[in-house]
Amino acid sequence: MGLGVSGPQVSEGWYGVKFDKPLVRTREYVEIVRSALRRERVSYQGRHFTLPLPEGPGKPLKLTVHPVREEIPVYLASIGPKNLELTGEIADGWLAIFYSPEHGRESLARIAAGRAKVGKSLEGFDVVPTVPLVVQDDWEAAADTVRPYAALYVGGMGSREQNFYNNLACRMGFEAEAARVQDLYLARDYAGAAAAVPVGFVDQTSLLGPKERIAERMQALAESGVTTLTVSPILQDLERSLAALRVAAEALDLAGVGS
Numbered sequence: 000m001g002l003g004v005s006g007p008q009v010s011e012g013w014y015g016v017k018f019d020k021p022l023v024r025t026r027e028y029v030e031i032v033r034s035a036l037r038r039e040r041v042s043y044q045g046r047h048f049t050l051p052l053p054e055g056p057g058k059p060l061k062l063t064v065h066p067v068r069e070e071i072p073v074y075l076a077s078i079g080p081k082n083l084e085l086t087g088e089i090a091d092g093w094l095a096i097f098y099s100p101e102h103g104r105e106s107l108a109r110i111a112a113g114r115a116k117v118g119k120s121l122e123g124f125d126v127v128p129t130v131p132l133v134v135q136d137d138w139e140a141a142a143d144t145v146r147p148y149a150a151l152y153v154g155g156m157g158s159r160e161q162n163f164y165n166n167l168a169c170r171m172g173f174e175a176e177a178a179r180v181q182d183l184y185l186a187r188d189y190a191g192a193a194a195a196v197p198v199g200f201v202d203q204t205s206l207l208g209p210k211e212r213i214a215e216r217m218q219a220l221a222e223s224g225v226t227t228l229t230v231s232p233i234l235q236d237l238e239r240s241l242a243a244l245r246v247a248a249e250a251l252d253l254a255g256v257g258s
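If you use numbering that gives the first Met the number 0, the sequence shown corresponds to residues 0 to 258, in order.
A couple of the hints might just be wrong.
With a Cα cut of at most 30 Å, we get these calculated DSSO-like pairs of lysine-lysine [as the list claims (entries may be wrong)]:
(1) K20 x K58
(2) K119 x K20
(3) K58 x K17
(4) K116 x K17
(5) K61 x K20
(6) K17 x K81
(7) K81 x K119
(8) K81 x K58
(9) K61 x K17
(10) K116 x K20
(11) K119 x K58
Because the hints were derived from the structure by calculation, they are not lab data.
Please construct the entire structure, taking both the sequences and the accompanying hints into account.
If you want it as structure tokens, here you go:
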């Protein structure tokens, strides 16, 4: 089960939930979900959630269905350092975005710190980045296909004051470029924002080029600590997406890191 706290604009604009103390809210939410999945009668009192509500007709309830598995793994989509540490502490896996083998160890160190709080190591913890995939001979041309997607997140997925993806790009060493992308995107120059995304950022966080190059990047991902890889063909119709996934499967065999 994948969960994530999102950001202020989505949380407050779409769900009507104040983006206040997101780490506490995530912890409480996961505790409630795990209790429900254990088919317990859920009774909870926290900073953000109270079940059942007091002074009303509500009463503790439990699931009427019986999960096939007694323990359902919970994965968190997290980006910031404190959220990564929380992920290590309370989750079974990490759903990563814009994961770079060159910088992944910093994130995994945060997760390891969270694991250590509860007496656990990274052994058995699932590291699952979603990686854009574009198969073609010219990897730099392939990067152009990913640029609009990256620009949306780095430039526009959040406000100028709080954009977790922009902050991530800055931590990866692309501070000036991330600021430029954000300026252009918020000015509604979407094409300019896409063009301003540095090829290095796209290359580090994507699988680009022919099969052999993709295999090399898969090796780098595995060596950096990735345990499960999700590949996402970018801006392609169904037939070409399936063809790209077949190449990715062949690249995985070539890389020798699959199971």
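task = Give me the numbers of the hints this structure contradicts, sorted from smallest to largest.
result = 8 and 11
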